[in-house]
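Protein chains in written order, with this note's numbering: chain W, 1 to 406; chain P, 1 to 406.
No wet-lab data here; the hints were simulated from the structure. Mixed in with the good hints, there may be bad ones.
Any copy will do: because identical chains look the same in the list, a pair fits if it lies in one copy or spans two.
[Stated by the list, open to error] Each computed DSBU-like pair below joins lysine-lysine, with the alpha-carbon atoms no more than 30 Å apart:
#1 Lys-293 x Lys-71
#2 Lys-31 x Lys-363
#3 Lys-363 x Lys-71
#4 Lys-135 x Lys-72
#5 Lys-31 x Lys-367
#6 Lys-7 x Lys-367
#7 Lys-71 x Lys-7
#8 Lys-31 x Lys-135
#9 Lys-293 x Lys-367
#10 Lys-293 x Lys-363
#11 Lys-31 x Lys-7
#12 Lys-7 x Lys-293
Spelled out from the first residue to the last, the chains are:
2 protein chains.
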Amino acid sequence: MATLELKRDTPGLSDVPGFELAAAACDIRAKGDDRLDLALVYSSLPCQAAGVFTRNAVKASPVRICQDLLKKGGAFHGIVANSGNANACTGAEGLRDGIDMGRVAEEATGSPADSFLVCSTGRIGETMPMDRVRKGIREAAQSKAASPEGSRRSAEAILTSDTRSKTVTVRAEIDGRPFTVSGMAKGAGMIQPDMATMLAFLATDADASAEVLDRVLRRSVHDTFNAITIDGDMSTNDTVLLLANGAAMVPITDERSETVLHDAVHAVCDALADMLVSDGEKITRVVEVRVEKAADAEDAEKVARAIGNSLLVKTSWFGGDPNWGRLADAAGYSGAALEEDRLDIHYGEIPAMIGGRPQHDRKPEWKAVVSAPRFTITIRLNLGDGQFRILASDLTEGYVNFNRSE
Amino acid sequence: MATLELKRDTPGLSDVPGFELAAAACDIRAKGDDRLDLALVYSSLPCQAAGVFTRNAVKASPVRICQDLLKKGGAFHGIVANSGNANACTGAEGLRDGIDMGRVAEEATGSPADSFLVCSTGRIGETMPMDRVRKGIREAAQSKAASPEGSRRSAEAILTSDTRSKTVTVRAEIDGRPFTVSGMAKGAGMIQPDMATMLAFLATDADASAEVLDRVLRRSVHDTFNAITIDGDMSTNDTVLLLANGAAMVPITDERSETVLHDAVHAVCDALADMLVSDGEKITRVVEVRVEKAADAEDAEKVARAIGNSLLVKTSWFGGDPNWGRLADAAGYSGAALEEDRLDIHYGEIPAMIGGRPQHDRKPEWKAVVSAPRFTITIRLNLGDGQFRILASDLTEGYVNFNRSE
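Please put together the full structure from these sequences, using the hints given.
Written as structure tokens, this is what we have:
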């Protein structure tokens, strides 16, 4: 693999030449505060684009709008996104409002029709306060700039229950010619495989077709954004977008260059996905669940998801309790092929179960592993070569209290 | 349907003529206390029997033992069951111990070999303290009696984190000849569709073959014990057993009599399942989720389970928050066919969403419904005739705290 230079907590998309950013405060929640809740991503150079979306049958209006625009194809100039209102379950009116957001952004930036992608995140079923949103979009279009300040503000504007903004920038090169991939994301709740109330926007100055971007993004999302779980709920709004403006004059035209672009995009997705779990609602621990030697990759994924979403497993992580019985139980009901007397379970490097037999004398060592804020659990089924890895959080009293009402 | 007389909180299986019960305190948890943790069910008349078990691939030893005995068939004389240790993930030693429990019960009651079914519930992965268990079984065999006292004690001995014992008795008749079905159960945690750390023992004095009992029990379990969820975790030990000793001389030989027996067994299962959810670990609300007009029954079940297991839905129930957006979201990711603009959601009788459109003006009425300790939610997909109903609990801070360590 070519050398990649990865930095977290960068300004974000302004690290990519040609991208201008801005944010505005529209008081979308009608709380009378000046919280930033509208973000604008803009490139005067036309971009190729790709997107990956929630598979929820109940899709927010912006998701349907983005899917239509990407299917139609063409050149894109930006993304307009808001927090505070998901514009989901809002019927024909919501669809009109989402389309209107794109139009206002296009007019305000002097861009052609159908060149802005639209995203929303927040409460479901509320009508968008479009007067304030339109005003905010126009303000943002006025103030957009290729500056760290605007970029930082836009990464903040998409947050909901997140406690901090999430940005990553990767520098890579092909044949000595450098290019950049940068991303920002928001997460916090409704986080589960197949994404969540999760938005991630990536930009690059590499020069790639929509087909290449689509392939690169899908491959990257599979084992990053789609391999995390906080609460097992898949949202109506999950969206990952990738824009490429070609400013770096690095053409992605063959398998070798596509691999380099993939590695860079994957690195950004991986780092952002990790930041999403680490900033999950009221979590106290991050656990990497590695499933190995399953009959096939699908079975490995089933076991990893069953463990990562089990309430009893997640509460035991919260308690720092090495309750491997709950791991075996969840693996057992995952639907994967499993033979109890072949099952190995490790906390970090310490065996808890080997060939179905508990290793009771190692208990103090298990305890030491699961007391850390971050640790790894390995489940080995010894039935084949399938493997999958998921990043999961614990479940805390704080989460329950936080989500009991909005 | 013939008249059934149903009573809750009865003494339990001693209500059925010919059944003798007893309990003992074996200190299975090695805590030095005298908590009852061993139950004995005995009938001197030979019984036909049927069982339904967890579908978890990791099955406790007693589950495997019961499945083998029932497959072999024959006459049964009772059940020996313990709480405090699940005898799961205990390898060949655990299998020997489970078999030994049955043998000791058979010897101590003077019953033939392979005539006792065995059940365990409690912590996974611990070796059974067989010396104390053998002693307890012999004590129980000595003290067994067809008395309410012994029966009440046995219903108490199978409990783990339950706060109260659960018993139901139904009297029914066929052609003027009365018979009885009675049951006892324990539940509390790891409760999810396809059963849970859940044991239920039913006895009847009707005279039915193993085939009839199997049919009647399977049909009864489907929409009772398999249609409840507390935490979505399916355990290694779930077992429902039904014994029939024929003492009432009421032969079940045709469709008509089988229907009456089914109705009686179903009523016992339904009442016990309801008691299990109502006594779920640290719950504060019980919610009946009715899914109607789905494309088919399987789709209806998917939607009901997705809603009943969604952390965000369950925490909003805890908060008494009518967050119908989370219901629509969970229905959307359930995997069922769903068209958003046909979706109706009701809290009790109050519409929250009709044809995909929120009915915001009814919000105070929704709030009144979800503030009750028990309420109904109806999701209508308007795509076909499929329906399913699930009984679910909320998720509380108390649950998380209770399960953080054992």
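Here is what the structure says about each hint:
1. Lys-293 x Lys-71: neither (38 Å within a copy, 33 Å between copies)
2. Lys-31 x Lys-363: between (51 Å within a copy, 19 Å between copies)
3. Lys-363 x Lys-71: neither (54 Å within a copy, 38 Å between copies)
4. Lys-135 x Lys-72: within (28 Å within a copy, 76 Å between copies)
5. Lys-31 x Lys-367: between (45 Å within a copy, 21 Å between copies)
6. Lys-7 x Lys-367: Intra 33 Å, inter 47 Å, cutoff 30 Å: neither.
7. Lys-71 x Lys-7: Intra 33 Å, inter 62 Å, cutoff 30 Å: neither.
8. Lys-31 x Lys-135: within (17 Å within a copy, 68 Å between copies)
9. Lys-293 x Lys-367: Within one copy only: 25 Å inside, 49 Å across.
10. Lys-293 x Lys-363: within (25 Å within a copy, 51 Å between copies)
11. Lys-31 x Lys-7: neither (35 Å within a copy, 53 Å between copies)
12. Lys-7 x Lys-293: For Lys-7 and Lys-293, the Cα distance exceeds 30 Å both inside one copy (33 Å) and across copies (52 Å).
Going through the hint list in order, the structure does not satisfy hints 1, 3, 6, 7, 11, 12.
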